[in-house]
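To convert, note that position 57 of the sequence shown is 57 in my numbering; the numbers rise steadily by one, no gaps.
Any given hint could be a false lead.
To be verified - Mimicking DSS-like on lysine-lysine, the simulated pairs with C-alpha atoms at most 30 Å apart in a straight line are: (1) K173 to K99; (2) K124 to K183; (3) K3 to K129; (4) K99 to K3; (5) K22 to K99; (6) K3 to K22; (7) K124 to K3; (8) K173 to K183; (9) K129 to K99; (10) K173 to K3; (11) K22 to K173; (12) K124 to K173; (13) K183 to K99; (14) K99 to K124; (15) K183 to K22; (16) K3 to K183.
Stated by the list, open to error - Pairwise CB distance ranges, derived in the manner of DEER restraints: (17) L23 to R169: 13 to 21 Å; (18) R34 to D130: 14 to 22 Å; (19) M1 to A102: 31 to 39 Å; (20) T107 to A197: 31 to 39 Å; (21) E121 to K173: 13 to 21 Å; (22) G126 to D90: 14 to 22 Å; (23) A197 to H64: 36 to 44 Å; (24) A182 to E121: 23 to 31 Å; (25) R176 to E56: 27 to 35 Å; (26) G172 to D90: 30 to 38 Å; (27) A102 to H146: 25 to 33 Å; (28) K173 to G14: 14 to 22 Å; (29) P127 to G14: 33 to 41 Å.
If you are wondering where the hints come from, they were derived from the structure by calculation, not from laboratory data. Note that the Cβ used here is the ideal one computed from N, Cα and C, for glycine as well.
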Amino acid sequence: MRKIIAFDRVSADGYFSTPDGKLDWTVNDEQLDRDTGGRAGEPGAGTMLFGRRTYEMFEAFWPHVLDAPTDPHHAGRSSPAIRAMAEYIDAATKIVFSKTRADVTWTNSRLLRDVDPAEVEAIKNGPGKDIMIFGSGSVVSQLSAHGLVDEYHFVVGPLLLGDGRPLVRDVGKQVRLELLEAKPYPSGNVVLRYALAR
Numbered sequence: 001m002r003k004i005i006a007f008d009r010v011s012a013d014g015y016f017s018t019p020d021g022k023l024d025w026t027v028n029d030e031q032l033d034r035d036t037g038g039r040a041g042e043p044g045a046g047t048m049l050f051g052r053r054t055y056e057m058f059e060a061f062w063p064h065v066l067d068a069p070t071d072p073h074h075a076g077r078s079s080p081a082i083r084a085m086a087e088y089i090d091a092a093t094k095i096v097f098s099k100t101r102a103d104v105t106w107t108n109s110r111l112l113r114d115v116d117p118a119e120v121e122a123i124k125n126g127p128g129k130d131i132m133i134f135g136s137g138s139v140v141s142q143l144s145a146h147g148l149v150d151e152y153h154f155v156v157g158p159l160l161l162g163d164g165r166p167l168v169r170d171v172g173k174q175v176r177l178e179l180l181e182a183k184p185y186p187s188g189n190v191v192l193r194y195a196l197a198r
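Could you put the whole structure together from the sequences, leaning on the hints where they help?
Structure (structure tokens):
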């Protein structure tokens, strides 16, 4: 069975975006980009799960990175890792959960109306690489409530936002996690990898 992995940058006080959805607060780190982008460089297309808002942000940005690589968090900054990420995202199967979108037209995109645990379980049982979720706090929260997120990969930035959007909320119970890795970087970013404790 494939794993579902929620990957996101979060502030030290636990927010993944500012209250208005901005991501420009993240701390640049080329080594981190290379390390986290390594998964994207693996052969074979993956699968990504999106909420509507994150899908629309990705759809407006990432296809253009193939022509002019630039960092989604910091305009004008580029790296080979960002180009590799753009190629991975473009080739990946993109499953979008939305009640309001009429359709999805970006390459390899598929629209589902609801986060149905049985349907997500069937996707996990299908062939292919692990399934990634970037952002999409509502989807991460719903899947977490059903125990369907296998790993959480957080890049904790060395700053406090003071307010913003939490990645996971309304889970309704305590969820035990097992630490797989804690890796600090000179920039002050720290990668924390957790697995769902079974």
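Hints, verified against the model:
no. : hint                     : in the structure
1   : K173 to K99              : 26 Å, holds
2   : K124 to K183             : 28 Å, holds
3   : K3 to K129               : 8 Å, holds
4   : K99 to K3                : 25 Å, holds
5   : K22 to K99               : 23 Å, holds
6   : K3 to K22                : 28 Å, holds
7   : K124 to K3               : 7 Å, holds
8   : K173 to K183             : 28 Å, holds
9   : K129 to K99              : 27 Å, holds
10  : K173 to K3               : 21 Å, holds
11  : K22 to K173              : 29 Å, holds
12  : K124 to K173             : 23 Å, holds
13  : K183 to K99              : 38 Å, violated
14  : K99 to K124              : 22 Å, holds
15  : K183 to K22              : 25 Å, holds
16  : K3 to K183               : 21 Å, holds
17  : L23 to R169: 13 to 21 Å  : 18 Å, holds
18  : R34 to D130: 14 to 22 Å  : 19 Å, holds
19  : M1 to A102: 31 to 39 Å   : 32 Å, holds
20  : T107 to A197: 31 to 39 Å : 37 Å, holds
21  : E121 to K173: 13 to 21 Å : 19 Å, holds
22  : G126 to D90: 14 to 22 Å  : 20 Å, holds
23  : A197 to H64: 36 to 44 Å  : 40 Å, holds
24  : A182 to E121: 23 to 31 Å : 30 Å, holds
25  : R176 to E56: 27 to 35 Å  : 34 Å, holds
26  : G172 to D90: 30 to 38 Å  : 36 Å, holds
27  : A102 to H146: 25 to 33 Å : 27 Å, holds
28  : K173 to G14: 14 to 22 Å  : 18 Å, holds
29  : P127 to G14: 33 to 41 Å  : 35 Å, holds
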